[in-house]
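Sequence lines, in order, name chains Y and X.
With the numbering used here as the guide, the letters of the first sequence map in order to residues 1 to 366.
With the numbering used here as the guide, the letters of the second sequence map in order to residues 1001 to 1366.
One or more of the hints may lead you astray.
Claimed, not checked - Chain X stretches covered by chain Y per the calculated footprint, using a threshold of three residues with CB under 8 Å from any CB of chain Y:
| id | stretch |
| --- | --- |
| 1 | 1017-1028 |
| 2 | 1096-1107 |
| 3 | 1185-1197 |
| 4 | 1245-1252 |
Treat the hints as calculated values from the structure; they're not laboratory data.
Every residue, glycine too, gets a C-beta built ideally from N, C-alpha and C.
Protein chains: 2
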Amino acid sequence: MTDKFLSISRRTRSTPFSNRVEAAGVKAYTVYNHMLLPTLFASLEADYWHLCEQVQVWDVSCERQVEITGADSERLVQLMTPRDVRRAVPGQGLYAPLCDERGYLLNDPILIKHSPRHWWVSIADSDIILWAKGLANGFGLEVEICEPDIWPLAVQGPRAEQLVSRVFGDGVSAIRFFHSSMLEFQGKKMMVARSGYSKQGGFEIYLNQADLAEPLWDELFRQGEDLNVRAGGPNLIERIESGLLSYGNDMTAANNPFECGLDAYIDIDADIESISLPALREIAGKHVNQLVGLVFDQAMVFDQFQIESQHRIVGEIRSHVWSPRYQKHLAMAMMKRDYLSAQPTLSIDGKVATIVDLPFNFDAIQ
Amino acid sequence: MTDKFLSISRRTRSTPFSNRVEAAGVKAYTVYNHMLLPTLFASLEADYWHLCEQVQVWDVSCERQVEITGADSERLVQLMTPRDVRRAVPGQGLYAPLCDERGYLLNDPILIKHSPRHWWVSIADSDIILWAKGLANGFGLEVEICEPDIWPLAVQGPRAEQLVSRVFGDGVSAIRFFHSSMLEFQGKKMMVARSGYSKQGGFEIYLNQADLAEPLWDELFRQGEDLNVRAGGPNLIERIESGLLSYGNDMTAANNPFECGLDAYIDIDADIESISLPALREIAGKHVNQLVGLVFDQAMVFDQFQIESQHRIVGEIRSHVWSPRYQKHLAMAMMKRDYLSAQPTLSIDGKVATIVDLPFNFDAIQ
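Chain Y extracted, bound-state conformation (with noise of 0.2 Å):
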């Protein structure tokens, strides 16, 4: 919904490419982070082909870094996760909820191990700096934490690594999945990572110099000319297509990772000081609700988000979109889980939607 002005002020922060960003024409931005962050240029359905078929930079300094340092960096991390972080290696990003002592789910960052005694934390829409903060005043951790001067720039599209190689150099293609490489750009060696929250491929720029926002932006518009670059950025389309949660949107601090099917990342035997983990061994298995995808053959306006059956309320819409490329109506929602092993589809409004697994699998639905 976008028909409602963005009052901007110095608390919405702006970020050194936002001049750039302006003149490309945004039109709305949401704030993440408490920064701008650009969602709308041309329109909504014609930024998202453009995204599937070209290349688009999108200005996401909003992931900010929650940087710590210290003799005790290593262990504050890993009280913050349930997942063992000794599977982090320096340069690869490492996916990781973040969950209380409860197992409520506060963030899903990557983590990125620079050495045992320096780690950014790259995080989703909280302030996390404060729980770090507070966990390691509390426990009397010896470290640093700071909100780092790092403004990540996404590349992303099926061009992007053209794009990108031209601006950092043959080092581009050898970066793999997830993984990164110090990259020069005029002079300055910044992080370069195969990563963004799309799944049309790119790489995301850690901008370590605010002078250069500019100059790295022009660049990459003048080396993508022929490349038919734009500026862009997440795209609710192509993200629901592709199954990538949003914190805030689909999980929130009322849910447990369970329920988001992020079993994957919890290491729910390792021999870890992980703050969650006690809660998380009693929750699992026994966990409530369930994330899936909705399906629905028409278009969809949602009254409510509430999804009742029988006078009972079953479920939630977190998230949905029309698919211009599949014709379908497709939807995150939280769902009760006694519901789910019952029903193979459910109905709203008359109209009925087949419920599926997350990620969606466009080869299986009709």
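Since the structure of chain Y is already known, use the hints to place chain X on it.
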């Protein structure tokens, strides 16, 4: 600045009043504590005059509460603030900066003590619940921490008392500033406080039952028809004229409370267990910056917010607005104290500003 749309999703949470706010013709929102905050109805200036002369109803559900209960509640609240919380009186709000172990400002909430074992921290825009949870876990405190289902609705303006009295009865007029009473609406008791984010007088109703949101809104508009009641929201002109600070705008986690003029809310010599107090005792009197007011005779458009003098950055504009009442452009700026001590004025783009203390004293301003 409001020429871009806001992409609204489940993550930018709606409130139980949202349908009524939409029906009232809201034009713009901001996002505050991950929730929609209406900011514009007719125009900034029309909303301003109406607020100062009539009465408005504001959906300030985004003033979220962090509820802390249990045996160690008061200890946790005291750890979070350098203000002596023994000052708190049940039913009375206590403005209190929250600061970390280095003395930096993490929020500036109103503390509400329901009982020694039951507190609300009524927060500005940062996820203080995460800090509280981290501290509680690290210190091993016996507390429960949650975000309760409370949606404040403000009634602001010179006719607010008349309107709120019509809906909540005679008990309203006896409520003193920053105090509250439990008053009844349709059989449900809820907290009504004489408070709000304007200096025009008014109340905040802490709605505690979602399905009463629309009945309450409708009753206020029915009873307020002859008072010319309208929907509104925090107004930039009014708040700057009134010198009301905004966390995230005028002060951030990069500032200490002395820089923001919050000295009166720090009990520097108190024998209390507060995380920030040791650091604040070190900083006191030695802080580098000071938040001040700037008064220009003409309307200003700032190309940049940094303020330079003789090739040195001496400060930064944090908030600013044209005052139609005083025919001055008013700004709040964080300035280097060594510059302030030498200069009574400054010049931006050849326009001279008088530097004044906050809050603005318009009797003294020509």
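Here's how the hints hold up against the structure:
A stretch counts as covered by a chain when three or more of its residues have a beta carbon under 8 Å from one of that chain; for the stretch 1017-1028 of chain X and chain Y the count is 3, and the coverage holds. Only when three residues or more bring their CB closer than 8 Å to a CB of chain Y does the claim for the stretch 1096-1107 of chain X stand; here the count is 3, and the claim holds. Counting residues of the stretch 1185-1197 of chain X whose C-beta sits closer than 8 Å to any C-beta of chain Y gives 0, which falls short of three, so the coverage hint is violated. Coverage of the stretch 1245-1252 of chain X by chain Y holds [criterion: at least 3 residues with CB-CB distance below 8 Å; count 4].
Violated hint for the displayed structure: number 3, the only one.
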